[in-house]
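Q: One letter stands for each residue in the lines below.
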Amino acid sequence: MTEFVSALLLQSGYNAALVAIGSALLGLAAGGTGTFVFLRKRALISDAAAHSTLPGIGLAFIIMVALGGDGRNLFGLIAGSALSAIVGLLVVDWITKSTRLPEDAAIGAVLSVFFGFGVVLLTVIQVMSAGKQAGLEGYLLGSTAGMLFQEAATIALVGAISAGALLLLHRRMIVVAFDPQYAETMGFSVRATDLMTMGLVLLVTVIGLKVVGLILIVALLIIPPVTARFWTNRVDRLVTIAAVSGGLAAYIGAALSAAYPKVPTGAIIVLVSFVMFAISFLLAPERGVVGSLLRHLRFQHRVHRRQGLLELARGETIYDRMTLRVLQRAGYLRGDGVATLAGRAAAAQELKNEARWEIARRRNIEFADAARFDGLSQIDTVLTADEIAEIDAELSRQIGAVS
Amino acid sequence: MSDVELIARDGDRVGRKDPECPLAIDGLTVSYGDKPAVFSVDTRFGKGRMVAIVGPNGAGKSTLMKAVLGIVPKLAGRALFFGEPFESVRSRVAYVPQRASVDWDFPVRVIDVVLMGLYRSLGIFGMTSKKDIAKAHACLERVGMADFARRQIGQLSGGQQQRVFLARALAQDADLYLLDEPLAGVDAATERAIMSVLKDLKSEGRTVVCVHHDLATVRSYFDDVLLINVRKIADGPVASAFNDRNLQQTYGGRLGATHIAELQQPAG
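Quick note, the sequences are listed as chains L and R, same order. To convert, note that position 190 of the first sequence is 190 in the working numbering; the numbers rise steadily by one, no gaps. To convert, note that position 266 of the second sequence is 266 in the working numbering; the numbers rise steadily by one, no gaps.
Hint data in this document are derived by calculation from the structure and do not stem from the laboratory. Among the clues, some could well be false.
[To be verified] Quick list of in silico lysine-lysine cross-link-like pairs, BS3-like style, CA-CA up to 30 Å:
# : chain 1 : residue 1 : chain 2 : residue 2
1 : R       : K74       : L       : K41
2 : R       : K35       : R       : K74
3 : R       : K135      : R       : K199
4 : R       : K74       : L       : K97
5 : R       : K35       : L       : K97
Let the sequences and hints guide you as you build the complete structure.
A: In C-alpha cells form, the structure reads like this:
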C-alpha cells in the first residue's frame, strides 16, 4: 500500500516515475483517439488492428535475430507490429468489399487468424532461442517493469503527435461520425477520415503494446469515452473527459503495478478504468443510474402535480395520498384540503396548458406517438414560438365559439 | 423526331457547359448490384426554380440526389453544377439529408449541428469565432428554433430535427439547395416554416430541389417537377409535366384514376 502511494506521488524511484508518466500520456492519447472510434461505432475494427500486431512482433524478432541484432529492439518491434496491423486492416477491408460478408464477420476471422499465427510464431521463437525471447509475452498483457527512458520518451512523443492530429482533425471526424453523407458533400471524405482515425489508433496501439498489451489496448481506447458519455452531451467535452479519464486510469494503474509487479500492468489499468466506468455509470448526474432514478421520482412528482391541479380546477375532491402531499408541500393546498390562492392560480395555469396540449395533439399526428408530448411539460419548453401562436389562435377561436 | 434531330439534341445537352444552369444531369445511371436504381436520367434544373423530384418508393429519387453529390458512386453519366463538376463548386451547393439517416443520440447540441455547415470555412484548428456563432444563431432564427440552440439534439421532435438540418444548410449560404424529403413526417407548423424559408431562398434567386412524397402539394409548392421511376418519365413545369398520363406512367397501377383526377384539381 505504501508502495502504491509513493508510486502515485512519483516517489518510488526514477523508473517507476517514468512508467507512471509514460502510462498517463498513453492513456490521454488513447482516450482522446478512442472517442472518435467510439462515436463512429468502430470499436471492433480497432480490436482487429490490435490483435493483428502479434505476428508482426514475432516476425520482427526473428528477422532481427537472424540479422544478428537484438531481437527486442523497440523500434524494430514497433515497425513490425504496425506493418502487420496494416496488413490485417487491409484484409478486413478487402474481405468486406469483395464478398458479401458483413464487416463484423471479417473482423472476427482476421482477428483470430492473425492472433493464432502470432502465438505460433512466439512458440517457434521460444524453441529457436530460449532465454533471449524473455519479455515478448509481455506484449500480450503489458509489462512495465523494465521500461526504458527511450520507451517512455517514444510514448510521450507519439502521444503529443496524436493530440496534435486530433486537434487538426476533430471537426471533420465529428461530422463524419454524426452524418457521413453530409460530410461527403462538404468535401470531408468518409474513407479518408476513417483511414486517418485508424492511423491514430495504430499509433496508440503500437506504443501501448509495452504498457497495456495488445489484447487489452482496445479497452483503453473504448472504456474512457464510454465513461465520459455518462457525464456530458457535448462532443468537445466528451473528448476532454475521455482523455483525462484514460490518462488518470493509466497513471493509477501504473502506480498499482509498481506495488504488485507480478500482475500484468495492462490488466491493472483496464480494471482501474472499469472502476471509473462503474462510478460514472452509477453516479453521473446526466445519464447515470442514480440520476435516472431521481429523474423518475421528479417525473412521478410532476404527474401527481398535474393530476392534482386539474382536479382542483374542476373542483373535484382529491383522494390520492401522494397527490395531496405534493400539492400541500407546494403550498397549493391547506392542511384541511382547501385550495390556497396560489393553488387556484396554478390550477388555472395548468388548465390552460392542458387545453394547449389538447390542440397540439389534435393538430399534429406526429405528436400522438411521441412520449414527450404528454401535457406534463409546460408547452413553451417543448414547442417553438410559432407553433404555440397557432395553437393559441385556435384556442381563442374555440373559446369564442363556446361563449 | 428524326434521327438527325435526336443526335443534335443530345449533342447539345452533353456538349454544353452552362455556368448559369445550377444542375445539369446527363445519362446518370446508378446501380446497387446488377439492378439499376436510376437508369440513364437526363434533366436540367433551372436557376431560381423550386423543383420537386417525385416518384414511388424505390424509384431512385434519393439515390439520384446522392449520386449527383458523389455520396453513392455513379455507374455512368455525369452531373454538372453551374457548368462545373461538384468538387470545384462545393461551396455553392448545400445538401439536407433525410432526417432518419443520422443517430439523434449523438452528443451535440442544436447550435453545434448548425455550425457544421460552416466547418469548411473554419481555420486550421477548427475553432469557431463569435461571428460563426452569430451566423449559426441567425440561421436558427430563420427556421424558428433560436430558443433551442443549447438543447441536446436527442430532445427534439421530428419536425424540429428537420428544421435544424435546414438551418445547417442555410449556414452554408449556397446557391443550390438539395433536400431529401424535407417534409416527410413533420408537423403542420414545421411544414409551413420550412416552405416559407424555401420560398425566401427562391425569391433570392437560389434554386431549391426537393425529393417530395406528397403528390397533393406538388402543385401549390413547386414550379417544376421531375417524375422518375428508375427512368425519367417527364420533367418540366408542373403545369404541363404533372399530368395524369405522366403520373399513371410513373406510379403504374399504384395510383387509382380517381386519385389522379383529384390531383388535377387546382390547389386550394
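Q: Among all the numbered hints in the text so far, which are the ones the structure does not match?
A: none
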